[in-house]
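Sequence order for the protein chains is A and B.
Its first residue numbered 2, the first sequence is counted upward by one per residue in the numbering used here.
Its first residue numbered 2, the second sequence is counted upward by one per residue in the numbering used here.
Treat the hints as calculated values from the structure; they're not laboratory data.
Given the structure is predicted, the values throughout are model-derived calculations rather than measurements.
It is possible that part of the hints are untrue.
Identical copies look the same in the list; a pair holds intra-copy or inter-copy alike.
As the list claims (entries may be wrong) - The calculated SDA-like cross-link candidates involving lysine to any residue, where the alpha carbons are at most 20 angstroms apart (straight line), are:
1. 162 to 110
2. 162 to 147
3. 196 to 82
4. 58 to 68
5. 196 to 36
6. 196 to 80
7. 196 to 29
8. 162 to 93
9. 162 to 52
10. 58 to 93
2 protein chains.
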Amino acid sequence: MQRGARLDRRIDFYFDFSSPYSYVANEWVGALAARHGRRVRRHAILLGVTFQAAELKSPVSYPIKREYSVRDFARSARFEGLPYAMPASFPIPTQNAARVFWWLADTRGDEAAAAWATAGLRAVFTRGEPIGERDTLRALAAGHGLDPDEAERVWNDPAWKERLKRANEQAIAAGVFGAPFFVVDGEPFWGNDRKPQIERWLASGPF
Amino acid sequence: MQRGARLDRRIDFYFDFSSPYSYVANEWVGALAARHGRRVRRHAILLGVTFQAAELKSPVSYPIKREYSVRDFARSARFEGLPYAMPASFPIPTQNAARVFWWLADTRGDEAAAAWATAGLRAVFTRGEPIGERDTLRALAAGHGLDPDEAERVWNDPAWKERLKRANEQAIAAGVFGAPFFVVDGEPFWGNDRKPQIERWLASGPF
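Bound-form chain A, shown alone (with noise of 0.2 angstroms):
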């Protein structure tokens, strides 16, 4: 049946937890997945390394666009009817809430590591925390329920340091150079605002 064969099919999104339209992106994509019978696949990744491969920078290193960024990362939200707030330092390093990230994956499946994506996420861009700091990040993790401890010799752990950089090679072979980055069916579409194309493919096909 088409409907079953389709349920086979993912879709892969690629975030950075310091990435304000990620945290958008992540508040939609499960449910526009699953109204139309797809999965989806969180790569936790760093922006910085897409960047430097792709010789970008982030938007907000140029003092002009970052006051419109800023000003449409909030709208952004908004306009998804979602809370949001800023860091009072960003972007902030991510690398080791990455490493859980993948930790989760590999160990407990897409979704607990998806669960972590969403804590993460919303714990930066809704009260603002510092998740690249020691203790905000293992207060996180134990008001998720992980072993902060466990979090913590993990993101230290050189084999789930090497997991996050396979990622980060991962995504840029796939062509990713920014965040959200959604791949379906092999068609890339980059940023958030990117929701209504995806939406027009998933329900009715190539276009």
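Following the hints, put chain B in place on chain A, whose structure we already have.
Below, chain B alone, put in the same frame as chain A:
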């Protein structure tokens, strides 16, 4: 009457004749504005100048981003039901087309300038015409009912060169760093993909 008062309120729409997303936005902005009792004031600018002011570069100047962008240009046009073609050489020089635009705007009004904007953008992005070339631009002018000799005199006239320079400076002062760029009631919106946000703003005010 509130309805009448609103008719006076305009949408500022900044574009470059070499911007694919400006071509797409130019096709919907008029009808969208009219549905909400607004008029559109178009501003032809040179993206190269605003990029330089903001220390930015064109997305197609980054190899990894270029491939995605070229794909997304065409897809974003199809999403709006529009035909699309890329000029063989891209981006193209647009200062002469922009000078003719300002000549029309200042001597014949916004509607005459808007018609030229639409003719130019369609020439580039539905037929791939290199309107940076003298003969091509003369033919476009003639096909548009202008005297090609007069059009050429305009684009070589220091006064209209200066007029375009002022338009670029005014755009930079208004915070414009890309195209299409919209200002609605003082609120800046960058990109063809901000259409849903602009539509909500026009329908129900600030959000």
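Consistency of the hints with the structure:
no. : hint       : result
1   : 162 to 110 : within (18 angstroms within a copy, 61 angstroms between copies)
2   : 162 to 147 : within (19 angstroms within a copy, 65 angstroms between copies)
3   : 196 to 82  : both (15 angstroms within a copy, 17 angstroms between copies)
4   : 58 to 68   : both (15 angstroms within a copy, 18 angstroms between copies)
5   : 196 to 36  : within (13 angstroms within a copy, 24 angstroms between copies)
6   : 196 to 80  : both (12 angstroms within a copy, 12 angstroms between copies)
7   : 196 to 29  : both (9 angstroms within a copy, 19 angstroms between copies)
8   : 162 to 93  : within (18 angstroms within a copy, 45 angstroms between copies)
9   : 162 to 52  : within (19 angstroms within a copy, 37 angstroms between copies)
10  : 58 to 93   : within (15 angstroms within a copy, 25 angstroms between copies)
Checked against the numbered hints given earlier, this structure breaks none of them.
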